[in-house]
Amino acid sequence: MSYNRRNSLIFRFGLAVFATVWPLRWLLLLSIPYGLLLLWLFQPGTVTDLSPSRLLEVTEDPVWKAPDENHWFGTTSHGSDLFELSRMAIGTSVAWGITTASLGLAAALFFAVILAMLDGGQKASWVAMVERGWRGWRLIPAMAVLIVVGGSGGNLGVTLLTVAALVALALTPVLREWIHEKATEEQFLMGLAVGLTPFQFLYNRVLPDLGARLLGVLAGLIPALTLAEMALASTGLSGDRPSAGVLIAAGTRFLSEAPWLAVGPGALATAVVVVLSALGGVVQSRVAKDRLGGAGLPRIL
Amino acid sequence: MMRFVLHRIAVGGLRWCGAVAVVLVLVEWSFAGLAGGPHHVWSAEAYRPEYFGKSSLGGAYEPEAVTLGERLRASTLVVVMAAGSSLLVAGSWGILAARWRRWQVRRLFRVGFGLLAAVPGIWLVSLGIAYSHVLWQRPGFADEFRVSSGPDLLKWGQATLLTLALVFPAIAWQLQAVARLLESEGGKAYVRGWDAAGWDEETLFYRKVLQRSKPQLIALADATLPFLLGSLVPLEWIFHYQGMGQWLVQSVHARNYPGTIITLLWMVTILALAALLKELWQGRATKS
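Chains A and B are the protein sequences, given in the same order.
Note that the numbering used here gives residue 88 to position 88 of the first sequence, counting from 1, and the numbers run on in steps of one.
Note that the numbering used here gives residue 1160 to position 160 of the second sequence, counting from 1, and the numbers run on in steps of one.
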């Protein structure tokens, strides 16, 4: 019996997978509650027509019901289950948050890599100037969303792209700094000296290290943007699509007659945002603790 | 010193002009471009006198005609109260958290304020219920109640409620930032050197660490202002608080040029003034 025999291909492959996955065990574990929460939020419901203008209109003789064991949050004036409606509306807000955060982060990474390739490891003066200008005037873009969204009549595409552009504007300097940390001018020149192209250098050396940090940023952005969507929707500028903000704002009009219309969606929205924030916080701290390059996540989070 | 002050004022003025240009371009692009409105930012027709100072729209509760001055005073009061209390509470508690870092007080404070900050829905609903449902059987702030004589406690009460809803997230963030800054300063090599030289921990913290971090601490003074102004808009709208934020949303709904531009300029001016004051204070602290 030979003890010197080489391990099988399957065994070696399994070992390689284990070695890759083991440092990420906490993140994988955390993906379970994330997955469960999102699965619950995104599963189809019994309410089919989700147009807020129809669901929230108040008839002369509303058939709303106070919360009971069948309808935990009560019902709307048309008799739709408010818990189900709130879940689906919050699902829409969270989906919006995830899409915008991903789009914004992808755009930020794209621009940061372009900037890094253009200035070759040393920050150009115009980049520094743009960053200073951006830090000084963060409010104008935030208000720009309101104007642009109002002008477009709450168009989903315009809203998504505007907010994603703002996220990209805010994050590009941060990602640019991180690329600087991983690729100093000397390292970059050495890379070029051994025959690497700037793209190969970024792809092989910088981007793998940035991956975990980006995960932490994404986890922090999702609850923040979900909350921003709710705030935007509460002003009635998000068009005719369901959102937790629309439900809360509409419910406050009937606090005397049917207080559950505001309390139910408000409580559920709060719970979901708190859970997403807590999970985001845990992801960020794990990313930092596991030395995955997560220390020093941007201050905006 | 006078040269520095004049320089900062000039830079502040340039920033303000830049911001005004951005606002005008955005309004033109959105209202005339995206929405296809008949007027442009430069058309005199877009600035009819009846748009100034009074709200041209009505929601579920038709707001009483409110002058621009009243709106300005109402919103500025909330912003000053929120920014002031955030600065005071976060500054003092942040210093305390850094001083007691060995007991992880920063995390404790963060959890407390973070929980209060993370529940805007509950705040909105519970404050709305407590204030308007129980007292007036009306949602939001009832418009017809006016204080005719004596101190206007009603106005202060409404402003305080909005401030409460605004201030907790700002405190949570600023407290964390102050404590982190001081903790990182406290971990520097010179502090270990003074410690080895036999300095008392408390004296070292207050005399050296705090003093040396003063310019960076001042830099954090206006950091929450964009958040406070941005959050004021939906809060005023939901609470039917007759301030600049409510007028901005009404104006955007109605594509009202003067309303949109004036409210945005108000925000830009507050930010510019805060940045100017911060820079002057910072310059003085650095010099001293």
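One should not assume that every hint holds.
Stretch by stretch, here's where chain A covers chain B in the computed footprint (C-beta under 8 angstroms, at least three residues) [unchecked claim]:
1. 1020-1030
2. 1033-1041
3. 1231-1244
4. 1260-1269
To be clear, the hints were calculated from the coordinates, so they are not data collected in a lab.
All C-beta atoms in this analysis are idealised placements derived from N, C-alpha and C, irrespective of residue type, glycine included.
What are the numbers of the hints that this structure violates, sorted from low to high?
-> none
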